[in-house]
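Peer 1: So the protein lines, in turn, are chains A and B.
Residue numbering for the first sequence follows numbering that gives the first Met the number 0, starting at 0 and increasing by one per position.
Residue numbering for the second sequence follows numbering that gives the first Met the number 0, starting at 0 and increasing by one per position.
If you are wondering where the hints come from, they were derived from the structure by calculation, not from laboratory data.
Glycine included, C-beta positions come from ideal geometry on N, C-alpha and C.
The reader is advised that the hints may include incorrect statements.
[Unchecked claim] For each label pair, taking beta carbons as the anchor points, the in silico distance ranges come out as: (1) Tyr76(B) x Gln396(A): 50 to 56 angstroms; (2) Phe459(A) x Ser46(B): 55 to 61 angstroms; (3) Asp229(A) x Thr85(B): 46 to 52 angstroms; (4) Leu9(A) x Leu38(B): 27 to 33 angstroms; (5) Asp229(A) x Ile48(B): 25 to 31 angstroms.
Read off the chains here:
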Amino acid sequence: MNTIAVSLFLLFVLVTLYITYWAAKQISNRDSFYTAGGNISGFQNGLAISGDFMSAASFLGISGLVFATGFDGLIYSIGFLVGWPIVLLLIAEPLRNLGKYTFADVASYRLQQKPIRTLSALGSLATVSLYLIAQMVGAGKLIQILFGLPYDLAVYIVGGLMILYVTFGGMIATTWVQIIKAVLLLFGATVISILVLYQFNFNLNLFFSTAVNNHELGSKILNPGGLIKDPISAISLGLALMFGTAGLPHILMRFFTVKDSIQARKSVVYATSFIGYFYILTFIIGFGAIILIGSNTDYLNPEGGLIGNNNMAAIHLAHAVGGDVLLGFISAVAFATILAVVSGLTLAGASAISHDIYANVINSSNKNEKKELLVSRLATIFLGILAIFLGIIFEKQNIAFMVGLAFAIAASTNFPIIFLSMFWKNLTTSGAFFGGLIGLLVTIALVILSPVVWVDVFNFSEAIFPYKYPALFSMTTTFFFVICISLSDRSNQAIKDKKGFQEQFYRSITGIGIEEGKKH
Amino acid sequence: MKDISNLISIKKKIILPLLFTIIFSYFLFIIFIAYFPELLGQQLTNSSISYGIIFGFLLILIIFIVTLVYVFLSNKYIEPEIKKITL
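Whenever a hint applies, use it, and build me the whole structure from the sequences.
Peer 2: Right under this line is the structure:
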C-alpha cells in the first residue's frame, strides 16, 4: 500500500467532509438542496460540470484504450467532447430559462405534469442507475488494485461517503467536491503529460514515432482499428455520443445551479474547454504509456499484459515518470474522482424521485417543501444503499455495456423529449409520453438483443440485433413515434399543449419570468 | 408579450450555421473512420503523425472555435436584443 496515496486520500476525505458540514448549515430549503440556491458562478459550474463528466472511467478507460489501440481512443474522446457544442447551442440557455430543479420541469412545462414527469423520471433513473452501477463496480476494482482493500469494503467506503456528502450537503457539497476533484484531476493529468513530453523535448514527431516502434500493432495505432467495424455502427455510436450528453440528467441538473442563461452559457464554455483539454491529455498519457510502460517488465505480468489491466495504464505511467509521489497523488485523485461522480449521479437520481415522482405525481395536491426535502434525503440514502448492493452483486458480471446503454437511453429518450418540448410546437402529452416510452423500451430491447449483452453476457452464439450501438435505430424510433402520435392527437389536452408553446418559447429565449438565484 | 421575431431570426442565423459546422465535421470524421480507415492512417511525409491524428485534433480545435464564436456573437448580437425586450 502506498502511504502517500492513503494520506492524500484521507486528506481529501477530511476536507470534503468539512465542506459537507459547512454546506449542511446552509441548507434550509429545496433551492439550496437541489441547486445550491442558484448561487454558483459560471466558472465554478463549468469546473463542476467537467468534474461530473471526467469520470475515473473516462480518465483511466480512455487512456487505457489509447494504450491498447492508439487512435481508437481518440474516436471516443472526440465523441464525448462533441456533445458539448450541442448542449451549448441547443440546450443550456432554454433549459435554464424554463426549469427549476430537474429537466422534467422543462419537459413538462406546457404538457400534462403527471405522465411527462413520470416518463422523465423513468429516463433519469434508468440513466443514473446504469451509470452508478458501472462507477461502483469500477470503483471497487480500482481501489482493490490501488489501495489493496477488499472489493466489498471499497464499495462500502464509496457508497457511505457519497451518502454523507449528498444527504447532508446536497448540491452545495456535491458542487464543491466536483470542483476540487476537477482541479486535482486536471493538475495531475497535466503533470504526467508534461513529464512524458519532457522526455521527448516536446517533439511530437519523435514522440509518435517512438510509440509506433514500441507498439506491437506498429503504425496501425495511427489509424482506426477494430473499435468500429461497419458504417452503421460508426454512425450509431456517433449519434449516441453526440446527443447522449444533452440527455444526461446529472449534467442537465447542473444548469439550474447558476443564476441565469448567461451564466449557463458560460458554464458550458468553461466545461468544454476543460474537458477538451483533458481529453488531449488522456491521448498523450495513452501514447506515453505505450512508450514508457508498454515494454517495461516492471509493469507487466508474466503473460505480457499490463499488471491490473489496460485501464491501469495511466496509473503505471504516473509511477514511471513521477515515482511513488505521483503514483500516490494520481491514485488518491482517482478515488476522489469516483466519489465526486457517484455523488452527482445520486443527487440527480434522488431529485427525480423526490421532486418529480413524489412532489408532482404522488403528492401533487398537497405541496409541502419540508416534506419534499425530507423525501429527497431519504431517496439519497435509498439510492446509496441500492448502489452499494448492486455494486456488490455486479462485481463478477460483465458490465461493459452499461455506460453505452446509459448514453443510448439519454440520446434516445431524454434528449428527444427535451428537444421537442422546447422547439416543436405540435408536441402533445400523449406524443411525448407514448413515443418516449416506446423509445425507452426499444433502446433497452435493442441493447439486450445486441452482441454486447446477448453474446457477451448471455453467451448465445449469435446476436439477434447485429449492431453494438442502437442509437441510430432507437433515436429514430423515438422521434418517429413522438411526432406521429402528436400529429394524430385530437384530444382536448393536445389543444392545451399546443396553445402553451408560444408562452413557453417566449420565456425560453428571453428569460422573462425565471426565478433567479437568491442573494444571501 | 413583445415581438420577438427579430431575436428569433438573429438566433437562427447564429446557431444554425454553427450547429451545421459541428454536425458536418463530426460525421465527416465518422464517415472517414467507417469507409476510409487506411487513408486516415497515412502518415505525413517525413513524419510519424497520421492524417487521422491531424483530423482528430482539428476537430477538437473546431469544437473550441465554434464555442468561442458562439459566445462572441451571442454577446455582440443576441444579448443586446434580449435586453431590448426585457427592459
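Peer 1: Hint by hint, note whether the structure agrees.
Peer 2: Each hint tested on the structure:
1. Take tyrosine 76(B) and glutamine 396(A): their Cβ atoms lie about 52 angstroms apart, and the range 50 to 56 angstroms holds.
2. Taking the beta carbon of each, phenylalanine 459(A) and serine 46(B) are about 46 angstroms apart, not inside 55 to 61 angstroms as hinted.
3. For the pair aspartate 229(A) and threonine 85(B), the beta carbons lie near 51 angstroms from each other, so the given range of 46 to 52 angstroms is met.
4. In this structure, leucine 9(A) and leucine 38(B) break the distance hint of 27 to 33 angstroms, their C-beta atoms being roughly 51 angstroms apart.
5. Take aspartate 229(A) and isoleucine 48(B): their Cβ atoms lie about 27 angstroms apart, and the range 25 to 31 angstroms holds.
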